[in-house]
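**Q** Sequence:
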Amino acid sequence: MRRRYGDSVQPWLDDLPNLLDRVATTWDLTLGEVFADGNSGVTMRVTRGGSPLVLKVSPDAEVLAAQVRVLRLYRPSAPEIIADTEGAVLMEHIDGVARWPDLDQFAALLRDLHSVPNPADHARADLLDDIPGFFARFPPNGPVTAEHLHRSRELTEELVATRPAPVLLHGDLHRDNLLDAGPRGVVAIDPQGLLGEAEFDAVDYVLAQSDVRVRLADLVSVTSLSSRRLARWCLAMAPLIAIGQLRTGGPIDHLTGILADLRGGPEPGTWW
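Residue numbers (our numbering): 1 to 272.
Restraint-style ranges between C-beta atoms, simulated for each label pair:
(1) A65 - T30: 24 to 30 Å
(2) N39 - P140: 17 to 23 Å
(3) T256 - S8: 34 to 40 Å
(4) T256 - A36: 26 to 32 Å
(5) A146 - A24: 40 to 46 Å
(6) L13 - S51: 26 to 32 Å
(7) R22 - P143: 41 to 47 Å
(8) T25 - E62: 21 to 27 Å
(9) Q209 - H93: 26 to 32 Å
(10) D15 - A146: 35 to 41 Å
(11) A61 - D211: 38 to 44 Å
(12) P17 - A146: 37 to 43 Å
FYI, nobody ran anything at the bench for these hints, they're computed from the structure. Bear in mind that the values here come from a model prediction, so they are computed numbers and not experimental data. The C-beta atom is built at its ideal place from N, Cα and C for all residues, glycine as well.
Make a model of the complete structure from these sequences and hints.
**A** Structure below.
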């Protein structure tokens, strides 16, 4: 959370136990285990009357409120909102496992998420406006250089400037934000609610495993996504995804060819 918000978040963190106690009293909750790896807030298991629920609190009340609006729009492909107030939200507990869905499930989820009418009325921000803060959270790391990130940002800005009709993006559709809930289907959590083109939400899926070319071609074959624009978005986002992998000890060998193409210029090149 300090990496995301800076030192200004420290007073909120210091008051966090008191905040949780106040929310628990207001909503009659028994606090439980905290979910790992939150960087925009604290999310934890809670119970009320013996029923499991999920509580999220955040120092950025505006962003959390926007997230609540998007979650309501994404139903039933998102958790139900039970209650919310400034800086806190109580949600349905999804009994699911975080993992990538199969191709058809992921394609169907994209169609559902991107079908919200009048997306500009609901978006927290335009993807273009979110870019400066987004890149600030990903300094060079290991083999991902400042040059990679400079070219990545150039290509990102060019893609946003030339995009087709935008949709309401989830904006952070990585594996840990997708829960396989069995008969309930795939449920998306923690949306960013950005206005942008649909291909952006498919990048993490394509770059998640070593068979990048196959994943891209297969996904394009069952959706209306543009293969060229999706490839260019993958090229643009590869350095950021690689940095995320390096932070958690994940592999980036399958991204090295894409990173090499990016240094050669802002075109898809040979990797795809």
